[in-house]
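Asks: The lines below spell out each chain.
Number of protein chains: 2
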Amino acid sequence: MATNEFDLIARYFAHQAVNRKDVALAIGDDCAVLDVPVGSQLAVSTDSLVAGTHFLSEADPVRVAHKALASNLSDLAAMGATPAWVSLALTMPEPDEAWLAGFCQGFFALAEYYNVQLIGGDTTKGPLSLTLTVQGFVPQGKALTRCGAQSGDWIYVTGTLGDSAAGLALLLGQKSVDDAALAETLIDRHYCAQPRILAGQALRGIASAALDISDGLVSDLGHILKRSGVAAVIEVDKLPLSEELRRFEPDAEKASQLALTSGEEYELCFTVPEVNRGAVETALAHCGVKATCVGQLRPGTGITLFNAGEAVDWQLQGYDHFAE
Amino acid sequence: MATNEFDLIARYFAHQAVNRKDVALAIGDDCAVLDVPVGSQLAVSTDSLVAGTHFLSEADPVRVAHKALASNLSDLAAMGATPAWVSLALTMPEPDEAWLAGFCQGFFALAEYYNVQLIGGDTTKGPLSLTLTVQGFVPQGKALTRCGAQSGDWIYVTGTLGDSAAGLALLLGQKSVDDAALAETLIDRHYCAQPRILAGQALRGIASAALDISDGLVSDLGHILKRSGVAAVIEVDKLPLSEELRRFEPDAEKASQLALTSGEEYELCFTVPEVNRGAVETALAHCGVKATCVGQLRPGTGITLFNAGEAVDWQLQGYDHFAE
Chain A
1 MATNEFDLIA
11 RYFAHQAVNR
21 KDVALAIGDD
31 CAVLDVPVGS
41 QLAVSTDSLV
51 AGTHFLSEAD
61 PVRVAHKALA
71 SNLSDLAAMG
81 ATPAWVSLAL
91 TMPEPDEAWL
101 AGFCQGFFAL
111 AEYYNVQLIG
121 GDTTKGPLSL
131 TLTVQGFVPQ
141 GKALTRCGAQ
151 SGDWIYVTGT
161 LGDSAAGLAL
171 LLGQKSVDDA
181 ALAETLIDRH
191 YCAQPRILAG
201 QALRGIASAA
211 LDISDGLVSD
221 LGHILKRSGV
231 AAVIEVDKLP
241 LSEELRRFEP
251 DAEKASQLAL
261 TSGEEYELCF
271 TVPEVNRGAV
281 ETALAHCGVK
291 ATCVGQLRPG
301 TGITLFNAGE
311 AVDWQLQGYD
321 HFAE
Chain B
1 MATNEFDLIA
11 RYFAHQAVNR
21 KDVALAIGDD
31 CAVLDVPVGS
41 QLAVSTDSLV
51 AGTHFLSEAD
61 PVRVAHKALA
71 SNLSDLAAMG
81 ATPAWVSLAL
91 TMPEPDEAWL
101 AGFCQGFFAL
111 AEYYNVQLIG
121 GDTTKGPLSL
131 TLTVQGFVPQ
141 GKALTRCGAQ
151 SGDWIYVTGT
161 LGDSAAGLAL
171 LLGQKSVDDA
181 ALAETLIDRH
191 YCAQPRILAG
201 QALRGIASAA
211 LDISDGLVSD
221 LGHILKRSGV
231 AAVIEVDKLP
241 LSEELRRFEP
251 DAEKASQLAL
261 TSGEEYELCF
271 TVPEVNRGAV
281 ETALAHCGVK
291 ATCVGQLRPG
301 TGITLFNAGE
311 AVDWQLQGYD
321 HFAE
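Going down the list, the sequences are from chains A and B.
Mapping of the first sequence onto my numbering: residues 1 to 324, in sequence order.
Mapping of the second sequence onto my numbering: residues 1 to 324, in sequence order.
Hints listed in this document are in silico derivations from the structure and should not be mistaken for laboratory results.
Be a bit skeptical, because a hint or two may be false.
Given that identical chains are not distinguished, each listed pair holds provided it fits within a single copy or across any two copies.
Think about it this way: if two alpha-carbon atoms lie no more than 30 Å apart in a straight line, the pair counts; the simulated BS3-like pairs of lysine-lysine are [unchecked claim]:
#1 Lys238 x Lys21
#2 Lys290 x Lys238
#3 Lys226 x Lys238
#4 Lys254 x Lys125
#5 Lys175 x Lys125
#6 Lys254 x Lys175
#7 Lys238 x Lys254
#8 Lys175 x Lys226
#9 Lys175 x Lys21
#10 Lys142 x Lys254
#11 Lys254 x Lys21
#12 Lys125 x Lys226
#13 Lys226 x Lys21
#14 Lys226 x Lys142
From a predicted model like this one, the values you see are computed outputs, not experimental measurements.
Let the hints inform the model, and build the full structure from the sequences given.
Replies: See the structure below:
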């Protein structure tokens, strides 16, 4: 069993299938040395996952790795960026080869799928946690930001919402379902969301603002509203719910509330000016992603929810790691 | 007291004096969006510091911040890169405003000194730790790597070695000195090393290989030897020791051993072909850094130590977080 930091790094992280031409120097020196294409800007995002806060210590390391990288790639997707590189800082109490092997399996499978090269990082001793920094390219001036939305723009989300929260409730034993296959599907959706990379790229020049849903739709949409200086109306009966979520939560109102607050979905929420609405469907059809219009921006501040044409006053909270 | 993750980030990290023109979009969106100068390559390094492993939980947060950023900037220095941006992932058990205020003071003071802009990161709940990813620029093809050293090249180190280990021994109570001012100086050197940014830049085109001393000279030099396929002779009586280290450890042999193994020094170790030796002094004089030749590369593998002309067989170990 390897007990030396450098042996561990060499053994598990120095070998990978991805070998990008824009990586002049990768793992093994003081820094990675990288080439950014002329005409592109660099998009950079950092996310930490801490055992006990973001995942259970006993969680399958394959899934933890997928979730960690997917959540970070999702931030690139939200900018319309093309992923290129990732740095990994891994802290663990002691060298655990079985855990590392599983982690690498999940990590490199997703990294290879998106042609992302691991360019470096750090391995340290301490309570289990990991921090990833992903980097990607976006054509000069074309990044999808949070501040371009205008009153009248339509609000869209990709995929379906709520499954991640349902899977987490099952994981935590807060709720149970009789159907084991249903439970497994929802838990899998909690861990194994796919970042909407191609959808984000397809929305460049079409969406006026975009972000990924990591803290719940109402919480995340709030960031667009604040940065863009607008209000929103959401029609909750239009929220896209999966068949599995409807089976998990047959009460339609409660299911909608799950969809509004479910964090770690890694679907995109984006806004589209009226003139671009026709382009959305075409652009996303090419990447096999369905988007649903769930509301519209208005002058003012805040979010108003409508259910079947009636304003509703649901008390909802987004996910906040530090909230009581 | 702010208890919301977003409030904390906004309050402590959204305001800084550095405002670089190459940062198109900084904190507050899914990604930072950045411009890399044409003709430059990007140098990227990631380092984690974990409470209990890399610093004591009760350590002054001003010093922890300095150490975290300095150690990461030191990796850029070792490549000859010019620092530009930093991402910060901060994990803490609960929002601690006094700690955050101290941390920001130390962090931004050093960031401003090197014109480094904080471009984003993550704030999460969990055991105290921080991970930084720094990025900088280096002219195309000019990065100082670990693999260009050749037999016959001379081995240099900047500054003095050993003070960091002495400061740590005092901090941990493994040793004491009567002179309180001496103790304070050595502890300060443990926490507050200055990354050799200008020296690294000055050595581009002069040094054949370089790295920064984070795990101890013998351990770090080993990386150059392995990557470059050479052996080294070090003349331990030529190691640059501070006056304070000599007072801390009057035994010359023990002082040399401290200098050989002291980690977290953040001095540069570099190799220079005979033809460039004259250029070293001139280049470094411009940035006020002294470098000392401590040995030479030879064909073969491994490091041989000489003390006053005699080979010595000291058993030394570099710092390894995972070693028993």
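Asks: If a hint holds in the structure, say so; if it doesn't, say that too.
Replies: Going down the list of hints, with the structure as the test:
1. In this assembly of identical chains, the alpha carbons of Lys238 and Lys21 never lie at most 30 Å apart, being 45 Å within a copy and 43 Å across copies at closest.
2. With identical chains, the CA atoms of Lys290 and Lys238 are at most 30 Å apart within one copy only, with a shortest distance of 14 Å there and 69 Å across copies.
3. Taking the shortest alpha-carbon separations for Lys226 and Lys238, only the intra-copy value of 23 Å comes in at or below 30 Å, while the best inter-copy value is 61 Å.
4. Proximity of Lys254 and Lys125 under a CA criterion of 30 Å is satisfied inter-copy only: 28 Å between copies versus 43 Å inside one chain copy.
5. For a Cα distance limit of 30 Å, the shortest separation of Lys175 from Lys125 across copies, 25 Å, qualifies, whereas the shortest one inside one copy, 35 Å, does not.
6. With identical chains, the CA atoms of Lys254 and Lys175 are at most 30 Å apart within one copy only, with a shortest distance of 13 Å there and 63 Å across copies.
7. For a Cα distance limit of 30 Å, the shortest separation of Lys238 from Lys254 inside one copy, 14 Å, qualifies, whereas the shortest one across copies, 74 Å, does not.
8. In this assembly of identical chains, the alpha carbons of Lys175 and Lys226 never lie at most 30 Å apart, being 34 Å within a copy and 55 Å across copies at closest.
9. Taking the shortest Cα distances, Lys175 and Lys21 never come within 30 Å of each other, neither inside one copy (48 Å) nor across copies (51 Å).
10. For the identical chains of this complex, Lys142 and Lys254 are neighbours neither inside a copy (38 Å) nor across copies (60 Å), given an alpha-carbon limit of 30 Å.
11. Proximity of Lys254 to Lys21 under the C-alpha cut-off of 30 Å is found in neither arrangement, the shortest distances being 49 Å within a copy and 47 Å between copies.
12. Only between protomers do Lys125 and Lys226 lie at most 30 Å apart by alpha-carbon distance; the minimum there is 25 Å, versus 40 Å within a single protomer.
13. For a Cα distance limit of 30 Å, the shortest separation of Lys226 from Lys21 across copies, 24 Å, qualifies, whereas the shortest one inside one copy, 40 Å, does not.
14. For a Cα distance limit of 30 Å, the shortest separation of Lys226 from Lys142 inside one copy, 21 Å, qualifies, whereas the shortest one across copies, 44 Å, does not.
Going through the hint list in order, the structure does not satisfy hints 1, 8, 9, 10 and 11.
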